[in-house]
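Given chain B, work out where chain P should sit, using these hints.
Listed in order, the protein sequences are those of chains B and P.
All letters in the first sequence, in the order written, are residues 1 to 143 by this note's numbering.
All letters in the second sequence, in the order written, are residues 1001 to 1142 by this note's numbering.
Worth flagging that the hints you see were computed from the coordinates, not collected in a lab.
Hints are supplied without guarantee of correctness; some may be wrong.
Restraint ranges, calculated between C-beta atoms of paired labels, are given here [said to hold, decoys possible]: (1) P/GLY1043 x B/PRO72: 17 to 25 angstroms; (2) B/LEU79 x P/GLU1072: 40 to 48 angstroms; (3) P/HIS1137 x B/ARG63: 45 to 53 angstroms; (4) B/GLY62 x P/LEU1134: 44 to 52 angstroms; (5) P/ASP1074 x B/MET139: 22 to 30 angstroms.
A partial selection of chain B residues facing chain P, derived with a Cβ cut-off under 10 angstroms [stated by the list, open to error]: (6) LEU18; (7) VAL23; (8) ASP33; (9) ASP39; (10) GLY48; (11) PHE55; (12) TRP57; (13) ARG81; (14) ILE85; (15) PRO103; (16) LEU108; (17) LEU113; (18) GLY115; (19) VAL130; (20) ALA138; (21) MET139.
Partial selection, computed: residues in chain P whose CB lies under 8 angstroms from chain B [as the list claims (entries may be wrong)]: (22) GLN1004; (23) ILE1066; (24) PRO1068.
Heads up, the beta-carbon is just placed ideally off N, CA and C, and yes, glycines get one too.
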Amino acid sequence: MRALFAFLSGGLFGAGLLVSGMVDTRKVQGWLDLFGDWDPTLAFVLGGAVVPMFFVWRLTEGRRPALGGFFPPKPPVKLDRGLAIGSMLFGAGWGLAGLCPGPAIASLSFGGLGGLVFFAAMLAGMLVAVPIRARLEAMPRPA
Amino acid sequence: MIEQDWIMGALGGLMIGGAAALYLLANGRIMGASGILGGLVDGSGKDSWLERVAFLAGVFLVPILIVPIYREVDTHITSNLWVVIAAGLLVGIGTRIANGCTSGHGVCGISRLSPRGIVATAYYLVAGAASVYLFRHLLGVI
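Chain B on its own, in the form it takes in the complex (with noise of 0.2 angstroms):
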């Protein structure tokens, strides 16, 4: 049950990267060229997906997931160097290349050669992050 269910939610998700054009570098990096030709295609799938989550997430208080279990809990408010770090090399790549996790997958049957390079690599640097991880995680925290 709980694999049907993340097996439609993911088709979900890949159709909508799909439709919404999150596949296509050229709108992703249209969206980014903020000093160029700029493409506001991606605000309006931002818009689209962040609004309906935002009442989802009221309807999760007091309650439990259908499948059973319990919902992520809050999340920490501390902002680590990870978070900035981590955030700022994945921005530089997903400008550089004009994708990021999902479109990367979501395009590997249609995205020839490059998508496949892409998401090898996409691969590999996850693995290498995991030391790089633990190394930050055991760095002193700044006052």
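Only chain P this time, still in chain B's reference frame:
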């Protein structure tokens, strides 16, 4: 037509939001692509591997069914494989260190008004814009 792109963007965005809502309300989990995939890659999510694989199978397979509807679907990714490799490494390392990407921090985090999601999104948007400015307008490699 630019305006049609905006409508399709909002429609696709609603589908992405619907997918995140389904994963949260049914499975009780945050729909973050990098976390779901990364947990399989480094083994940290092996307790929930089936759920993760099922989700990723949906992301990969359903577009195959939809692509034929379109006259032309293209990621327009650069043919410069060095750029592709560098970008893929940065995305893989960055999303795992930051514990999230556009779907986890962006869609799920912002909508929850999570400070971490909002700050992460600000960082990757600024870095993304700086990256496009540097590599497109200053260096001309993309």
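Index of numbered hints that the structure contradicts, given in increasing order: As far as the earlier hints go, 5, 20, 21, 22 and 24 are violated by this structure, in ascending order.
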